[in-house]
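Produce the complete structure using the sequences and hints provided.
Here is what each chain is made of, one letter per residue.
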Amino acid sequence: MTYERKGRYIVEFQDIPKARQHHIEIPVEERRNNYNEVELGFDEERALQEAKRCLSCRRCLGCALCWAECKTEAINFDMKDEYFDLEADTIIISAGVERPIERVNPLFGLGKNNNIITDLQLERMLSASGPSAGLVIRPHDGEIPASIAFVQSYASASPQMHRAALFLGINEAILVRRKLPGAEISLFGQDLAPFLEEQKEALKGLDRIEIREAVVSALTPAENQSLQVTVESNGTQETRTFDLVVLLTQPQISQDVKNLSKKLGLTMSYANFLAQDVTGLISTEKETLKLTAVQ
Amino acid sequence: MSGKRVIIFGGDPAGVATALEQAEAGMQVTLIESLPGLGGERIPQTRIISGENDFVDPNLEAVMRHPNIRVIDSAEVQRTEANNGNFRLKIKRRTPRVDREKCDDCKACIKVCPINMYDDFNEGVGFRTAIDFFNPKTGQYNIFKEDMPICQATCPANLDIRSYVGLIADGKYAESLAKIRERLPFALSIGRVCPHPCESACNRGYMDEPISICTLKRFVADWEMKEGIKAPVEVPDEFHKEKVAIIGAGPAGLTCGYFLAKAGYKSVCFEALPEPGGMFRYGIPEYRLPTPTLMREIDWICSHGIELRCNTRVGKDISFEDIQKQFDAVFLGVGAHKGMKLQIKGEDMEGVIDGVDFLRDANMGNPINAKGKVIIIGGGNVAMDAARVSWREGFDEVHVLYRRTKKEMPASPWEIEAAEHEGIKFQYLVAPIEVVGENGRMTGLKCLRMQLGEPDASGRRRPVPIEGSEFVVEAETLIPAIGQRPDLAFVPENSGLDITRWNTFAVNRANYMTNVPGIFSAGDVETGPDIAIRACAGGRKAAEGIVRYIEAKRGK
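Line by line, the protein sequences are chains G and V. Residues 1 to 295, numbered by the working numbering, are exactly what the first sequence covers, in order. Residues 1001 to 1556, numbered by the working numbering, are exactly what the second sequence covers, in order.
In case anyone wonders, no lab produced these hints; they're calculated from the structure. By construction, the Cβ of each residue, glycine as well, lies at the ideal position given by its N, Cα and C atoms.
Pair by pair, the computed Cβ-Cβ distance ranges are:
{"#": "1", "chain 1": "V", "residue 1": "Lys1107", "chain 2": "G", "residue 2": "Glu102", "range": "34 to 44 Å"}
{"#": "2", "chain 1": "V", "residue 1": "Gln1451", "chain 2": "G", "residue 2": "Asp207", "range": "49 to 59 Å"}
{"#": "3", "chain 1": "G", "residue 1": "Lys263", "chain 2": "V", "residue 2": "Met1148", "range": "21 to 31 Å"}
{"#": "4", "chain 1": "G", "residue 1": "Glu69", "chain 2": "V", "residue 2": "Glu1101", "range": "16 to 26 Å"}
Calculated lysine-lysine pairs in the PhoX-like style (CA-CA distance at most 20 Å, straight line):
{"#": "5", "chain 1": "V", "residue 1": "Lys1243", "chain 2": "V", "residue 2": "Lys1553"}
{"#": "6", "chain 1": "V", "residue 1": "Lys1316", "chain 2": "V", "residue 2": "Lys1338"}
{"#": "7", "chain 1": "V", "residue 1": "Lys1226", "chain 2": "V", "residue 2": "Lys1172"}
{"#": "8", "chain 1": "V", "residue 1": "Lys1325", "chain 2": "V", "residue 2": "Lys1553"}
{"#": "9", "chain 1": "G", "residue 1": "Lys80", "chain 2": "V", "residue 2": "Lys1092"}
{"#": "10", "chain 1": "V", "residue 1": "Lys1446", "chain 2": "V", "residue 2": "Lys1341"}
{"#": "11", "chain 1": "V", "residue 1": "Lys1137", "chain 2": "V", "residue 2": "Lys1111"}
{"#": "12", "chain 1": "V", "residue 1": "Lys1325", "chain 2": "V", "residue 2": "Lys1266"}
{"#": "13", "chain 1": "G", "residue 1": "Lys52", "chain 2": "G", "residue 2": "Lys18"}
{"#": "14", "chain 1": "G", "residue 1": "Lys112", "chain 2": "G", "residue 2": "Lys18"}
{"#": "15", "chain 1": "V", "residue 1": "Lys1111", "chain 2": "G", "residue 2": "Lys71"}
{"#": "16", "chain 1": "V", "residue 1": "Lys1406", "chain 2": "V", "residue 2": "Lys1425"}
{"#": "17", "chain 1": "G", "residue 1": "Lys262", "chain 2": "V", "residue 2": "Lys1090"}
{"#": "18", "chain 1": "G", "residue 1": "Lys80", "chain 2": "V", "residue 2": "Lys1102"}
{"#": "19", "chain 1": "V", "residue 1": "Lys1172", "chain 2": "G", "residue 2": "Lys52"}
{"#": "20", "chain 1": "V", "residue 1": "Lys1102", "chain 2": "V", "residue 2": "Lys1137"}
{"#": "21", "chain 1": "V", "residue 1": "Lys1092", "chain 2": "G", "residue 2": "Lys258"}
{"#": "22", "chain 1": "V", "residue 1": "Lys1107", "chain 2": "G", "residue 2": "Lys71"}
{"#": "23", "chain 1": "G", "residue 1": "Lys262", "chain 2": "V", "residue 2": "Lys1092"}
{"#": "24", "chain 1": "V", "residue 1": "Lys1553", "chain 2": "V", "residue 2": "Lys1266"}
{"#": "25", "chain 1": "V", "residue 1": "Lys1102", "chain 2": "G", "residue 2": "Lys71"}
{"#": "26", "chain 1": "V", "residue 1": "Lys1172", "chain 2": "V", "residue 2": "Lys1230"}
{"#": "27", "chain 1": "V", "residue 1": "Lys1425", "chain 2": "V", "residue 2": "Lys1446"}
{"#": "28", "chain 1": "V", "residue 1": "Lys1553", "chain 2": "V", "residue 2": "Lys1241"}
{"#": "29", "chain 1": "G", "residue 1": "Lys80", "chain 2": "V", "residue 2": "Lys1090"}
{"#": "30", "chain 1": "G", "residue 1": "Lys112", "chain 2": "G", "residue 2": "Lys52"}
{"#": "31", "chain 1": "V", "residue 1": "Lys1241", "chain 2": "V", "residue 2": "Lys1262"}
{"#": "32", "chain 1": "V", "residue 1": "Lys1325", "chain 2": "V", "residue 2": "Lys1241"}
{"#": "33", "chain 1": "V", "residue 1": "Lys1107", "chain 2": "V", "residue 2": "Lys1137"}
{"#": "34", "chain 1": "V", "residue 1": "Lys1090", "chain 2": "G", "residue 2": "Lys258"}
{"#": "35", "chain 1": "V", "residue 1": "Lys1090", "chain 2": "G", "residue 2": "Lys263"}
{"#": "36", "chain 1": "V", "residue 1": "Lys1092", "chain 2": "G", "residue 2": "Lys263"}
{"#": "37", "chain 1": "V", "residue 1": "Lys1446", "chain 2": "V", "residue 2": "Lys1345"}
{"#": "38", "chain 1": "V", "residue 1": "Lys1262", "chain 2": "V", "residue 2": "Lys1243"}
{"#": "39", "chain 1": "V", "residue 1": "Lys1243", "chain 2": "V", "residue 2": "Lys1266"}
{"#": "40", "chain 1": "V", "residue 1": "Lys1243", "chain 2": "V", "residue 2": "Lys1325"}
Written out as structure tokens, the structure reads:
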């Protein structure tokens, strides 16, 4: 919920050099019985390459170009933070979830291989007001993908959270199907049976979307910036190629909610979050937690 | 209308729906969101979509206009309190720097903004400008401005990393070095030895690997040295008459003297050892920081207006009281040079030498009896230095014993890797229990195998001995390197200085003054053993404190 939060995955920086430069050092056999300096730093070429990798953590630098441009004089750099003293009889916390990318299996190469995105990134792409105006494209080259794989990227999650992740993934698959009628769409996940059974009615109308109980054991770059997906199910292994891979991330109760509940003097985990029955705490079906102060 | 006051946290669809519901029921609603605006369309995560309603679109307009709802965005909770049947909260709203009443949504600002930052409003898909709107339907423009990027905020000395790395990218090396020296005089040395916490925090690390900030700093400093450029000495034309005594010519003391000189105050630096540099000179091995490189830097620093008096041990060659009398302010930066004892039997035998003492001997060029096998105890950077120095000195075998596993070792991973690379042998989950020997000369070390138990206060799993697992490792030399403490023997008993239970000086972090007016302290003697750049940072802040103290005294 907080936009300073770290752990964001940055999609594309084609204009910035990729690999980190390594310092020069002398070989081990030249180090014994002497104290010659081991690390020799960068030469100029490496230093320039490395310095250009810096993202400058791009923020407003206060150049005031926008201020000069603004006709209505709405921009004011001296505007100060505001403080409010509030009183309340009831506090309601909306059970925000976050999907930290640290929880994504690092073997999947998120952030390293092209054309792998998270479910939340796809959600932004699908939104008409989002960065691609509702168009589903491959972030690397802007091509329309002809095949898309949704891949569960976490080993296990609490049943409620696993359910939320599957709802998001399947809903996204349905929306992608509407936008790209010809695309091949597959979803690989684990522990699907209870979910599929529960949602049997709603899933009847699924239009050519493959939902398969399977573990994805490898994701490797293939020709044309596509990805080879190694799928294991029922003891068999097969490798298929997809233009775009969407990782289903693990939802968890957001750090902000945890911090807030700590400030309010509550100790909470997800398990007792949806079913609070302590004095003063009421759970509702709307995924919110209501608190009234106790005397 | 009941008028009950309800605070709702979270501007996501569930929060917005609840806000509307509560407001309709007549409650006074405050909706609090930490992002700069309420969320837009989201895909439902509690049901399979069908037909038209694909996205949940919380009716944002209705929320914004409802008379009973107040929205506070960019908010964070500062304080909460629950009593007498209600809650009291203090909320901070970060400024958007845009008056949203006046903004007419013409987007002219976005067209001219030169900054391209990753689009955190859209999960990093593409870029946005530093001024942008959060929600296209409701506007909510916001300028994202922070005082410090994460690298700078993480650096103990708060070096302006973004600027000096950017200047290197532009090929402006001299300007880059000048930028570093605004806050740190030791570019050559820190560029070699710093464990660079900034790199662990670097945002680029979330994409592939962090920027090699430390080696870049070293590059510009090396560039000046290799090109033979004389580093500029910028001090005021006239110095003030007040003088400051600095005890200890290490990273903290010399940094303090450097910034005092820049502010127009001369200082005299007393050093007990024959050469200046402190742990830079006597703690860090030559192969990581060559003495000529260090001395070049120290000569330049002292040329600003620091008079060095080496071989002068305070409390022996000059008394602490004399210094207090002769100078207007005193800075204590004597470091932490006393190795901690293992507290085991036989520790006083010949062949046992503490890690810090061993490194000092090696750095001074004193002869070392490097025969047979050496055992180093500890998992920190001093242990790694001692191991790599032993290997260079020519011991037949170098073994490092650590009581936990490699994962828990506090040493920098690249130092461990380099040590392994050089052929140093590591034994994990082993703790020493007794030094064994004959006629006062050690012949081996009795050890116990350990296993990892529950995490302790440091968050690392506590090693638990395995009973009956004793064994003896034969060795001629034992180097314990399990931590250091300051040696405060020079402080007279009647000084009145507050000393903590870690044998460090207690200071007020606002000006680094101790409880005795006019006496300041920073570096390892104030923080306990820590990284060099933290000592430099303390030295600079103490210099600022000293300047304020002298000016206040003069004003009286």
